[in-house]
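J.: Residues per chain are reported as follows:
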Amino acid sequence: MRWMWIDRIVELEPGLRLVAVKNVSLAEEHLHDHFAADAEHGESALPVMPASLIIEGMAQTAGILVGHTGQFKEKVILAKISRAELSRDAGPGMTLRYTATMERFDPLGASTSGVVELLDFANPRAGFVEIGRIDLMFSHIDQNMAGVEFPEHNFVFSDSFRTLLRTSGIQADF
Amino acid sequence: MTRDEVYDKVRQVLVDALSVDEDEVTPTATLTTDLGAESIDFLDIVFKLEQTFGFKIAQGELFPENVAQDPRYVKDGRVTAEGIAALKERMPHADFSAWEKNPEITKVGEIFTVDAVVKFVERKLSATAAAH
Numbered sequence: 643m644r645w646m647w648i649d650r651i652v653e654l655e656p657g658l659r660l661v662a663v664k665n666v667s668l669a670e671e672h673l674h675d676h677f678a679a680d681a682e683h684g685e686s687a688l689p690v691m692p693a694s695l696i697i698e699g700m701a702q703t704a705g706i707l708v709g710h711t712g713q714f715k716e717k718v719i720l721a722k723i724s725r726a727e728l729s730r731d732a733g734p735g736m737t738l739r740y741t742a743t744m745e746r747f748d749p750l751g752a753s754t755s756g757v758v759e760l761l762d763f764a765n766p767r768a769g770f771v772e773i774g775r776i777d778l779m780f781s782h783i784d785q786n787m788a789g790v791e792f793p794e795h796n797f798v799f800s801d802s803f804r805t806l807l808r809t810s811g812i813q814a815d816f
Numbered sequence: 003m004t005r006d007e008v009y010d011k012v013r014q015v016l017v018d019a020l021s022v023d024e025d026e027v028t029p030t031a032t033l034t035t036d037l038g039a040e041s042i043d044f045l046d047i048v049f050k051l052e053q054t055f056g057f058k059i060a061q062g063e064l065f066p067e068n069v070a071q072d073p074r075y076v077k078d079g080r081v082t083a084e085g086i087a088a089l090k091e092r093m094p095h096a097d098f099s100a101w102e103k104n105p106e107i108t109k110v111g112e113i114f115t116v117d118a119v120v121k122f123v124e125r126k127l128s129a130t131a132a133a134h
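Chains as they are written, first to last, in my numbering: chain A, 643 to 816; chain B, 3 to 134.
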């Protein structure tokens, strides 16, 4: 089971751009630990989506874009977080929207730029508001790790990713 | 484009790609030891140079690949004369004089200096200009 940090792909321009959404829910276990109430310091609980997992959400969004561009033949691994800036927290009942744009695609890897937006249902008329930017680099590991062999099957784009693509209406025969 | 202009742009590429301070980027600084570049950073540098200067860099053109894995080129941890000749042919932009006195493969990163990148860009720009 792969931990998925996006719920649905809502737009795909092959090779150029992929948009995905993530609904933040109080049913998610990690929200209760981040941040849990701290009785000793008199702090009540503040459930927010950890920024590291927002980066993972963008990495999955951009990673699918990169994988799709290479017909899912390459094993696409997040290699570098070139930039990550987030200006506000995402809490339960909010929706994150990740837009990943391909900057460069090469036999060795790819670079993407990304925008993170937030829809707060407490203020729905504001719509999706930009809360940050995350730029990433991916490596096609079979092309890069000279002398290191990886399994034949594409363990990066596993069943969870196939399910996500299928339920988002994206054809992917691999 | 003058050498200073090329140098300033290369420095900005390295500052962005490697998250280093401007004053750390000196002509003799090595990308790996001094500026902390790892394998994926080389791809990042190639992408950013292409974007900045508007030319295309072929795979292995700036940073040769597969030298360390070739038994003809490396023997007992040292790069052979054949290997050094191959590197020089592939990297006319680099200065080998210090490293080739003791050509250990683990220290081959010493030839990847900021100056080598600047010279590489200058050669590419003049080749592009000549082609037009």
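Just so you know, the hints here were simulated from the structure itself, not pulled from any lab data.
Honestly, I wouldn't trust all of these hints.
[What the hints assert, rightly or not] Now the in silico label distances, taken between C-beta atoms and shown as ranges:
hint, chain 1, residue 1, chain 2, residue 2, range
1, A, Ser800, B, Ala131, 47 to 53 Å
2, A, Asp748, B, Pro73, 51 to 57 Å
3, B, Lys103, A, Glu671, 42 to 48 Å
4, A, Gly733, B, Gln61, 42 to 48 Å
5, A, Arg730, B, Glu24, 42 to 48 Å
6, B, Lys58, A, Val652, 31 to 37 Å
7, B, Glu106, A, Phe792, 37 to 43 Å
8, A, Ala768, B, Ala131, 17 to 23 Å
9, A, Arg725, B, Ala70, 54 to 60 Å
[Claimed, not checked] Keeping only pairs whose Cα atoms sit at most 16 Å apart, straight-line, the calculated EDC-like set for lysine to aspartate or glutamate is:
hint, chain 1, residue 1, chain 2, residue 2
10, B, Lys121, B, Glu102
11, B, Lys11, B, Asp117
12, A, Lys722, A, Asp777
13, A, Lys715, A, Glu745
14, B, Lys58, A, Asp777
15, A, Lys722, B, Asp117
16, B, Lys121, B, Glu40
17, A, Lys715, A, Glu794
18, A, Lys722, B, Asp25
19, B, Lys11, B, Glu124
20, B, Lys58, A, Glu794
21, B, Lys109, B, Glu124
On a predicted model such as this, the values are computed, not experimentally measured, just so you know.
All C-beta atoms in this analysis are idealised placements derived from N, C-alpha and C, irrespective of residue type, glycine included.
J.: A separate judgement is required for each hint: does it hold in the structure or not?
T.: Now the hints, each set against the structure:
no.	hint	in the structure
1	Ser800/A / Ala131/B: 47 to 53 Å	holds (49 Å)
2	Asp748/A / Pro73/B: 51 to 57 Å	violated (28 Å)
3	Lys103/B / Glu671/A: 42 to 48 Å	violated (59 Å)
4	Gly733/A / Gln61/B: 42 to 48 Å	holds (45 Å)
5	Arg730/A / Glu24/B: 42 to 48 Å	violated (31 Å)
6	Lys58/B / Val652/A: 31 to 37 Å	holds (34 Å)
7	Glu106/B / Phe792/A: 37 to 43 Å	violated (29 Å)
8	Ala768/A / Ala131/B: 17 to 23 Å	violated (51 Å)
9	Arg725/A / Ala70/B: 54 to 60 Å	violated (31 Å)
10	Lys121/B / Glu102/B	violated (19 Å)
11	Lys11/B / Asp117/B	holds (12 Å)
12	Lys722/A / Asp777/A	holds (9 Å)
13	Lys715/A / Glu745/A	violated (20 Å)
14	Lys58/B / Asp777/A	violated (22 Å)
15	Lys722/A / Asp117/B	violated (25 Å)
16	Lys121/B / Glu40/B	violated (21 Å)
17	Lys715/A / Glu794/A	holds (10 Å)
18	Lys722/A / Asp25/B	violated (23 Å)
19	Lys11/B / Glu124/B	holds (12 Å)
20	Lys58/B / Glu794/A	violated (31 Å)
21	Lys109/B / Glu124/B	violated (25 Å)
In this structure, the hints that do not hold are numbers 2, 3, 5, 7, 8, 9, 10, 13, 14, 15, 16, 18, 20 and 21, in rising order.
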